[in-house]
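Whenever a hint applies, use it, and build me the whole structure from the sequences.
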Amino acid sequence: MSQTTYAVTCHNLSKRYDAREGIVAALGEVSFRVRHGEFVCLVGPSGCGKTTLLKLLAGLLQPSSGVLQFDDNPEDGRLPNALVFQEHGLFPWMKILDNVAFGLEMQGVNRPKRHTLARDFLGQVGLAAFANHYPHQLSVGMRQRAAIARAFLSDPRLLLMDEPFSALDAQSKLVMQEELLRIWKDHQKTVVYVTHDIEEAVLLGDRVLVMSGRPGRIQAEFVVPTTRPRDMRNRNHPDVQELSWRIWKNIEADVRHNLALPDTEATASA
Amino acid sequence: MTSHWKQFRWERALPAVILLSLLLIWETGSRIGLIKPLLFPAPTMIGRSLLDMAASGDLWLHTRATLLRVLLGLLIGGVPALILGLLMGQSRRLAIVLDPIIAAIHPIPKIAIFPLIMVFLGVGEGSKIFIAAFGAFFPILLSTAAGVRQINPILTQVATNYGANRFKLFTRVVLPGSLPSVLTGVLLALNLTLLLTVAIEIITAKEGLGSIIWFSWQTMRTETMYVSLTVLMILGVLFNGCMHWLTRLLTPWHQRTE
Chain A
1 MSQTTYAVTC HNLSKRYDAR EGIVAALGEV SFRVRHGEFV CLVGPSGCGK
51 TTLLKLLAGL LQPSSGVLQF DDNPEDGRLP NALVFQEHGL FPWMKILDNV
101 AFGLEMQGVN RPKRHTLARD FLGQVGLAAF ANHYPHQLSV GMRQRAAIAR
151 AFLSDPRLLL MDEPFSALDA QSKLVMQEEL LRIWKDHQKT VVYVTHDIEE
201 AVLLGDRVLV MSGRPGRIQA EFVVPTTRPR DMRNRNHPDV QELSWRIWKN
251 IEADVRHNLA LPDTEATASA
Chain B
1001 MTSHWKQFRW ERALPAVILL SLLLIWETGS RIGLIKPLLF PAPTMIGRSL
1051 LDMAASGDLW LHTRATLLRV LLGLLIGGVP ALILGLLMGQ SRRLAIVLDP
1101 IIAAIHPIPK IAIFPLIMVF LGVGEGSKIF IAAFGAFFPI LLSTAAGVRQ
1151 INPILTQVAT NYGANRFKLF TRVVLPGSLP SVLTGVLLAL NLTLLLTVAI
1201 EIITAKEGLG SIIWFSWQTM RTETMYVSLT VLMILGVLFN GCMHWLTRLL
1251 TPWHQRTE
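Residue numbers (my numbering), protein chains in the order written: chain A, 1 to 270; chain B, 1001 to 1258.
It is worth saying that the hints were derived from the structure and are not from the lab.
In this text the structure is predicted, and so the values were computed from the model without any measurement.
Here are some of the chain B residues that sit facing chain A, going by a computed Cβ distance under 10 Å:
#, residue
1, N1165
2, W1253
3, H1254
Some chain B residues flagged as far from chain A (calculated, every beta-carbon gap over 12 Å):
#, residue
4, S1021
5, K1036
6, P1037
7, M1045
8, G1047
9, L1071
10, L1075
11, P1115
12, F1120
13, L1188
14, N1191
15, M1220
16, L1229
17, I1234
18, N1240
Label-pair ranges, simulated between beta-carbon atoms:
#, chain 1, residue 1, chain 2, residue 2, range
19, A, Q124, B, V1017, 55 to 61 Å
20, B, I1083, A, K249, 55 to 61 Å
21, A, A167, B, L1121, 52 to 58 Å
22, B, L1250, A, R111, 17 to 23 Å
23, B, L1121, A, R111, 45 to 51 Å
24, A, R111, B, I1018, 50 to 56 Å
25, A, A19, B, R1093, 16 to 22 Å
26, B, L1116, A, A167, 54 to 60 Å
27, B, V1079, A, G37, 52 to 58 Å
28, B, F1167, A, S65, 29 to 35 Å
29, A, A19, B, F1170, 28 to 34 Å
Glycine is no exception: its CB is placed at the ideal position from the N, C-alpha and C atoms.
Have a look at this one:
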């Protein structure tokens, strides 16, 4: 419709910090685009600037240079983006219902209406019975489900997720990934999902952008070939395992560097 | 499990048993002259004196005077402290400017400036309430500022991300986020204000629980002194009880200790 057909366009985006030891480049010259309705995963080792990039997209940080463009229409009053944090993203002093309705509250939706909508959505994620609980009374997994419900219910143009399941145990994580895929299928949101878990990225994403650190940049891009709808069986598909392996090979050097281990690249390829 | 519960109940009852035994020892000791009744009048005598004072209306007169000074002091010192604390917690710049000034004024013993305050505010209620307010100011200021600062920055980011304006950020994040700490500050302030008020009353006042203590001591009517001490103890317990109740009512999410 409009001339920008991409939901997000980043061009040479960079972010530098003034630190005590001088200027630190957290993110250097990152360019990529995200299509409407696409699920893009950003994978990389710790300290590669994934979260910085996500916060730039969320508008919580200002880029030092570069262009960041969204295909949005400020007239329609929709929330430009919603960011789901790793954990502790729910307000401890609000009941789950008010937490989930928070986005709507900020958009000026009146109390009865936003409560009805929030109650409805809590039902969809299986938390209806916990509407009047406080976050500390819920498990980490339930809290993250509520945080995701809040993000979807606010109907943002862009959904940003910063390792939302990293605080979960392995089994809960599998269930939550399937849950996320299910909710996403119903709402067809544009998602940028940050993770350090390669399997997760391949399982969830249409496309995986591999980042490397110091300064953060995108060093490779992979299209995930598996069709949707997906479930956990995909994890065992040879294509998926092959892709995960290739992504890992891209990251390994950085991880080894972080751990001050010698690089195996030379010996492996020799 | 049952033995555990029994032990638990037994421990709960113990403070009352100890207290009653002490009172009993005191009573008999005072009656048989083992301890000087002049310094330690028997608890029953103190009780009778308390009832007499209550009946004559004296007790209420003095209690009201003390209570009024404490509560006015809390209000006059607490409200500006709350406002300033909320501002200081949010503005790094303001904190940098005010922190050294507060660090300099805070340690001054509040009683020590009472003579000076009397020069400005006279010998009436004004100077007494000023000292009470001065005492209430710091715990509330410091707790409020600390309470705002300990709010997880993620929550501020979440609110901003969902489009909260400054007003919403204040009412939905800063205020509830700092409330548990504010209430702790109020409790500290209340106890400190009571302490200061009684001390000031001992120095100058004609009315108030502190003035009873000094007057009865001078005239060797010690049972009256003990009446005042008893009422002060009850007030202290009452303040703490009220604040705990208020904390549970206002911050139901903040009950980790249960």
